[in-house]
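Undergrad: For the protein sequence lines, the chains are W and P, in the order given. Here the first sequence stands for residues 1 to 394, where the numbers follow full-length UniProt numbering. Here the second sequence stands for residues 1 to 394, where the numbers follow full-length UniProt numbering.
Please keep in mind that the hints were generated in silico from the structure rather than gathered at the bench. Don't take each hint at face value.
No copy is singled out in the list; a pair is fine if it fits within one copy or between any two copies.
With a straight-line cut-off of 25 Å between C-alpha atoms, the simulated DSS-like cross-links for lysine-lysine are [as the list claims (entries may be wrong)]:
id, residue 1, residue 2
1, K102, K143
2, K384, K324
3, K202, K12
4, K324, K340
Only a predicted model underlies this, so the values are computations on that prediction, with no experimental measurement involved.
There are 2 protein chains.
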Amino acid sequence: MTETKLISTLNKENLPHLDKTYVPSRLLLGPGPSNANPEVLKALALNPIGHLDEAYIELMSEVQKLLRYTWQCNNRITLPMSGTGSAAMEASIANFIEPGEKILIAKKGYFGDRLVDMASRYNADVSVIEKEWGEAFTFEEIKYEIETKKPVIFAIVHAETSTGVLQPLEGIGDLCRKNNCLFLVDAVTSLGALELFIDDWKIDLAYSCSQKGLSCPPGLSPFTMNKRAEDKLSARTSKVPNWYLDLSLLNRYWGSDRVYHHTAPVNMNFAIREGLRLIANEGLENIWRRHNSNAIKLWKGLESLGMDLHVSSEFRLPTLTTVKIPPAVDGDAYRNHLLKNFGIEIGNGLGALSGKVWRIGLMGFNSNEENVDRLLNLFDTELKKFSIFDSSSF
Amino acid sequence: MTETKLISTLNKENLPHLDKTYVPSRLLLGPGPSNANPEVLKALALNPIGHLDEAYIELMSEVQKLLRYTWQCNNRITLPMSGTGSAAMEASIANFIEPGEKILIAKKGYFGDRLVDMASRYNADVSVIEKEWGEAFTFEEIKYEIETKKPVIFAIVHAETSTGVLQPLEGIGDLCRKNNCLFLVDAVTSLGALELFIDDWKIDLAYSCSQKGLSCPPGLSPFTMNKRAEDKLSARTSKVPNWYLDLSLLNRYWGSDRVYHHTAPVNMNFAIREGLRLIANEGLENIWRRHNSNAIKLWKGLESLGMDLHVSSEFRLPTLTTVKIPPAVDGDAYRNHLLKNFGIEIGNGLGALSGKVWRIGLMGFNSNEENVDRLLNLFDTELKKFSIFDSSSF
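Produce the entire structure from the sequences given, and follow the hints as far as they go.
TA: What follows is the structure, given as structure tokens:
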């Protein structure tokens with residue numbers, strides 16, 4: 001310990017204890033994270049146990065079983081990955097694309113772009129079909145592209161958090177099977193909130209996150225894959241070029257072998273087990289109904305205040321609403337006003353929609369009538385203060 | 001909602017609430033995770049805020065500053081990655097190796113093997129020098145290999161959790177600079193516990209974990225890189241073949257730009273902020289002294305009970321002790337006995353040392369005299385019950 005005297009104190013800041021006075025209380029009605037259920041936060045704070053402890057192994061099985069219910073599937077390989085949603089998104093590419101293989105990505109928002117970026121890093125032959133930000137693809141458009149391009153994977157975002165569009169998925173699974181192609185679905189903003197049937201819709205690969213429909217903090221990304229995807233993985237001629245997200249290694253830990261891969265984020269798994277328990281407790285039918293009815297209430301309320309919604313009613317996403325910022329309003333100033341003076345977070349538009357729409361999330365624990373009423377009331381009383389020249393325009 | 005009636009209840013398990021009666025209370029004296037500090041667990045359970053919230057951005061800066069203190073460095077790019085330790089290990093390979101570039105890995109345990117596996121996935125030209133599991137490399141051995149092999153990266157594990165060896169690092173930094181090579185150090189089991197000077201020792205790249213010296217639950221992996229490593233990253237001719245761990249993207253979020261990359265694991269960052277605050281509060285000089293003295297107490301105690309330590313005193317790792325399982329004892333049965341009847345977890349040997357040693361961890365919050373006394377007392381009274389034929393042999 002002769003060098004102890006050389007310890008630099010340059011960055012040794014003396015900070016206060018982190019508590020509720022230091023972390024502000026927020027109602028998170030943006031694109032996510034959403035507020036966690038208080039029961040989930042209690043579970044999160046339990047003392048960690050070993051990642052190979054029998055009690056933890058049992059909890060892993062519970063998480064997997066409840067994930068299967070929430071995904072509505074019976075896939076053997078169903079697990080939460082140890083990273084936020086983008087980690088499982090990347091796993092869905094890294095494990096199933098070999099260099100030069102064709103992936104067709106249906107891009108209609110920011111997260112389609114992310115899939116394109118990831119696929120290109122794994123040397124996929126990337127084909128893209130595009131839609132305006134705020135529209136959905138028709139079945140016929142997808143059919144034409146799959147039949148023409150013959151990809152090995154077709155990827156689409158179910159619920160586009162950047163645009164507020166809900167993409168209909170029925171029929172695409174059959175189409176993919178006929179064309180010998182895996183059907184990959186981004187369910188980041190739909191799992192545990194909106195109608196989603198992995199098995200019935202013949203979805204081969206899907207991923208999501210913990211901080212939206214599951215009412216947990218961000219940090220885990222649920223993933224599921226069926227036998228068709230397993231076969232594609234087994235047929236690889238090269239090692240998966242990503243160790244942390246290698247599904248064959250992950251499945252040796254989450255499967256019956258229980259072979260150590262990486263040290264699991266134990267407490268986040270306590271949290272997701274609790275979030276999933278609450279979902280099973282309420283029942284998917286009730287959860288889906290709740291998210292739909294609260295969204296409709298929000299949409300009607302905003303429209304009755306004279307505001308325009310960005311997405312046509314047919315494709316509107318119940319978990320995330322894009323509402324147009326009235327031309328006379330400084331969108332950022334209004335968002336900051338809600339955050340600073342009322343503790344409510346709503347989101348700015350992302351990418352092409354930045355400054356054009358606000359994004360309002362009603363997800364998981366936060367999808368309730370009280371939150372809708374509170375927000376509509378604030379739009380009614382506060383928004384007029386932010387018009388640059390005239391408050392009669394909305 | 002016409003399909004609601006089809007919801008399968010096959011996996012809809014009715015589980016009890018997750019609480020202290022369901023998750024057993026454990027004293028984690030194995031290779032990690034270690035117990036989290038109760039203050040850390042309180043911070044972990046705070047309600048999440050947005051990952052672009054001003055209050056969160058400020059917390060990110062605090063985490064970075066306190067990490068710089070704990071690493072003893074002034075590196076601009078110093079951040080916790082959103083995954084467990086292996087994620088940052090992989091980032092250290094993925095960002096800095098281009099296909100065909102030579103990496104020299106000094107392998108003396110399980111985690112050296114992991115580095116080899118990762119490097120090969122990124123198409124590195126992998127050279128390996130090996131030592132028996134339980135030994136350390138000499139400076140001369142490393143010097144000879146670096147001068148002969150001329151790698152672009154030299155990688156070594158500071159504290160090998162699989163063997164209990166502490167590798168001396170002094171002088172290697174200068175050697176690497178002379179040979180135009182980056183010096184990469186795995187500090188998973190040393191950061192926040194043992195003497196470590198990133199700047200003074202001229203370490204270019206280093207990574208660690210949250211669940212050992214930092215007294216947090218597993219889930220984040222602190223990482224730091226200096227200007228030499230930045231230059232290597234900037235000189236890349238190809239995109240980093242890993243999106244989630246791409247340091248140029250990560251640094252746009254953690255750096256002054258604050259550009260959204262992935263949704264941060266907000267609550268885990270609350271936890272690490274608190275873990276790091278407690279470290280600054282105690283002071284590294286006191287923390288390093290505490291870990292050393294408790295380890296020495298454990299070593300003396302085990303030897304006075306007639307037990308053999310696997311590593312010679314010169315290279316013994318204070319955070320993780322490998323103690324030989326006496327020949328007459330069923331190692332697994334004894335470990336299970338401690339876990340089931342006393343709530344204490346110690347680890348089995350990993351890989352080549354499985355069944356040959358137990359691994360005893362004294363890390364972060366758990367490195368205290370009371371824990372040492374408790375464990376030594378149990379070794380004194382309980383171990384003799386597990387001798388297969390004779391209790392006088394130890």
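Undergrad: Under a CA distance limit of 25 Å, which applies to K384 and K324: within one copy, between copies, both, or neither?
TA: Answer is within: at 15 Å inside a copy they meet the 25 Å cutoff, but 74 Å across does not.
Undergrad: Given a CA cutoff of 25 Å, do K102 and K143 count as a within-copy pair, a between-copy pair, both, or neither?
TA: within (16 Å within a copy, 46 Å between copies)
Undergrad: When Cα atoms must be at most 25 Å apart, do K324 and K340 count as within-copy, between-copy, both, or neither?
TA: For K324 and K340, only the intra-copy Cα distance (21 Å) is at most 25 Å; the inter-copy one is 59 Å.
Undergrad: At most 25 Å between C-alpha atoms: does K202 with K12 qualify within a copy, between copies, both, or neither?
TA: Only across copies: K202 and K12 sit 20 Å apart there, 55 Å inside one copy, limit 25 Å.
Of the hints listed earlier, there is not a single one the structure fails to meet.
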